[in-house]
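Note that the protein sequences, when read in sequence, are chains A and B. Note that this note's numbering has the first sequence beginning at 31, numbered continuously upward. Note that this note's numbering has the second sequence beginning at 31, numbered continuously upward.
FYI, nobody ran anything at the bench for these hints, they're computed from the structure. Glycine included, C-beta positions come from ideal geometry on N, C-alpha and C. It is possible that part of the hints are untrue.
What follows is a set of in silico ranges between Cβ atoms, one per label pair, in the way DEER data are often shown [unchecked claim]: (1) B/65 - A/132: 58 to 68 Å; (2) A/214 - B/157: 53 to 63 Å; (3) B/336 - A/51: 50 to 60 Å; (4) A/51 - B/271: 34 to 44 Å; (5) B/274 - A/128: 51 to 61 Å; (6) B/42 - A/331: 48 to 58 Å; (7) A/334 - B/127: 45 to 55 Å; (8) A/224 - B/307: 48 to 58 Å.
There are 2 protein chains.
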Amino acid sequence: MGEFELIAAIKQLCTTLPTNDFEGIGDDCAVLEIGGGESLVFTSDALCEGVHFLRAATSAHEIGHKTLAVNLSDVAAMGVRPIAVLLSLSLPEGLPEGWIEAFMDGFTALARQHNVALVGGDTTRSEHGIILNVTAIGRGPSKHLKRRRDARVGDIILVSDRLGGSAAGLKAILSERYDTLAAHIHRTPQPEVEVGAWLGAREEVHAMMDISDGIASDLRHILTASQVGAEVELTAIPLDEGATIDEATTGGEDYKLLLTVEAERCTTLQQDFEAQFHRPLYPIGRITHDGLIWRRNNIAETRDLHGFCHF
Amino acid sequence: MGEFELIAAIKQLCTTLPTNDFEGIGDDCAVLEIGGGESLVFTSDALCEGVHFLRAATSAHEIGHKTLAVNLSDVAAMGVRPIAVLLSLSLPEGLPEGWIEAFMDGFTALARQHNVALVGGDTTRSEHGIILNVTAIGRGPSKHLKRRRDARVGDIILVSDRLGGSAAGLKAILSERYDTLAAHIHRTPQPEVEVGAWLGAREEVHAMMDISDGIASDLRHILTASQVGAEVELTAIPLDEGATIDEATTGGEDYKLLLTVEAERCTTLQQDFEAQFHRPLYPIGRITHDGLIWRRNNIAETRDLHGFCHF
């Protein structure tokens with residue numbers, strides 16, 4: 031069973047269970063309205079040694095940072111602020127002296143930066159390798175929530191920052207070049223916590239998600255959920271230093287935001303964003319009725335692009 | 031660093047972060063009041079192959095059941111009902127055909143039994159072995175919440191069901207006797223979901239927690255949090271078929287409830303419990319000012335007893 035087949039099978043199973051007022055699987059987070067116009071959102075992500083990080087190439091401090099970052103990114107993608115996390119640590123015997131302390135240091139530094147509480151979790155022994163799991167909880171006005179299913183035909187597609195650095199960085203790390211800017215981006219991704227909450231408050235932002243598997247994969251989730259198509263101009267995708275268009279579209283782990291915005295209000299949103307964050311929002315394409323077309327300098331690509339897949 | 035040292039270090043770190051209205055680490059679950067007299071509770075637990083289960087000795091269906099059961103137990107211990115869970119699956123390549131389906135079948139059967147929604151999670155590849163993480167969310171009246179810190183001197187200590195079956199079952203399984211009643215208890219523990227919510231509604235129940243590491247370990251958490259002592263009569267501890275007093279006190283993984291109750295109202299509570307659940311609540315001791323004394327037929331034990339520890 032492939033990763034997306036497995037997710038589809040689990041999604042199907044979920045429909046046989048009660049919902050208990052939750053909006054469940056299908057977005058970056060599950061949503062629970064709690065009254066007073068407010069909602070909580072929930073997301074859970076595991077990081078496994080050898081799959082998501084290599085202990086030899088990533089310091090414990092960086093792993094602590096990244097473990098939290100990927101979960102805060104999912105909350106930001108919903109348009110609300112993360113408020114708390116639970117952390118499960120499964121640790122093998124014989125970790126180097128100080129490893130856990132450095133890991134917790136990286137984790138709590140990022141938590142402090144974004145005002146996130148650490149409210150629970152679990153510590154267990156693992157037979158092989160380090161496995162980390164974080165569940166993040168976000169909170170915000172229900173009307174700020176952004177979902178994958180809300181893209182509309184004619185919307186402009188934008189990304190919140192440069193892409194491809196993480197994939198380029200992983201390539202550098204695998205060639206034992208640890209000190210490049212891209213390697214740094216790969217090891218310590220910066221989740222768009224402030225940007226996500228700010229975009230959540232803008233009603234002209236329709237669909238939003240974070241870019242974890244590469245836009246070639248992630249954009250498809252928005253298209254499927256919204257039952258629409260898209261045209262993307264590959265040369266419009268903003269690139270991190272040293273990254274290629276391929277890395278930006280299919281590499282993944284950038285943890286920037288992908289959003290669709292009402293066309294008539296897009297220019298104003300871009301101006302306000304730039305005034306707020308002193309960097310641009312990047313338009314890369316447009317939502318269409320159906321299909322997905324990648325263009326390079328306005329000429330349609332013949333090959334299709336796909337993002338990262340775990341299975 | 032030992033398991034409890036690590037937890038203490040993390041607890042200390044948490045105090046350097048904002049709380050965002052959460053009651054954090056220190057109980058079976060974290061608590062968030064959401065208005066209207068209601069609270070949500072949150073808990074997260076990892077299960078690792080080779081540590082929490084052996085694939086050769088436990089079916090995928092049973093692992094699915096147990097993964098959910100241990101988390102529902104933590105919610106029940108707070109005195110409220112579980113409403114939803116998030117599930118992270120980290121899976122190695124080459125799992126036997128049908129393994130995931132059988133796992134999900136065991137997981138969802140227990141979820142259905144207790145009206146729990148599956149609202150999110152994650153699927154990733156693991157380099158070695160199966161690692162499962164569940165985050166459970168509970169909901170109920172804030173005044174029903176039971177905490178470890180609320181035991182009072184003079185309280186009666188009770189357990190909600192027979193103990194030791196899980197430890198005896200593990201011993202049987204390790205001797206390749208898979209078909210004993212105890213082996214069945216070990217592989218498919220039944221969380222006290224109904225019992226927990228019922229006890230939550232009784233104000234004479236002061237402190238409560240679930241028995242996951244054996245009462246020799248778990249009772250100490252209540253005593254430390256409440257700054258009290260206890261005397262326990264070992265022969266009063268109800269035993270599962272084939273279990274010894276040692277297995278009942280130090281074995282762990284029984285997932286029954288340990289509670290302290292106002293002495294004057296204890297008999298009525300026991301009668302009401304028996305009328306409701308057609309089985310007794312078992313008094314095993316009493317809360318004192320300080321110290322922890324184990325008695326056998328009213329004679330103090332000279333050796334101390336300790337529960338299961340991961341590190």
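Results for each hint:
Our hint of 58 to 68 Å for residue 65 of chain B and residue 132 of chain A is violated, since their Cβ atoms are close to 39 Å apart. Between residue 214 of chain A and residue 157 of chain B the beta carbons are some 25 Å apart, a value that contradicts the proposed interval 53 to 63 Å. Take residue 336 of chain B and residue 51 of chain A: their Cβ atoms lie about 42 Å apart, and the range 50 to 60 Å is violated. The hint said 34 to 44 Å for the Cβ distance between residue 51 of chain A and residue 271 of chain B, and at roughly 41 Å that hint holds.
A C-beta distance of roughly 41 Å is found between residue 274 of chain B and residue 128 of chain A, which places it outside the suggested range of 51 to 61 Å. In this structure, residue 42 of chain B and residue 331 of chain A meet the distance hint of 48 to 58 Å, their C-beta atoms being roughly 54 Å apart. In this structure the supplied range 45 to 55 Å is violated for residue 334 of chain A paired with residue 127 of chain B, their Cβ-Cβ distance being about 30 Å. For residue 224 of chain A and residue 307 of chain B, the Cβ-Cβ distance of about 51 Å falls inside the hinted range of 48 to 58 Å, so the restraint holds.
Hints 1, 2, 3, 5, 7 from the earlier list are contradicted by this structure; the remaining hints agree with it.
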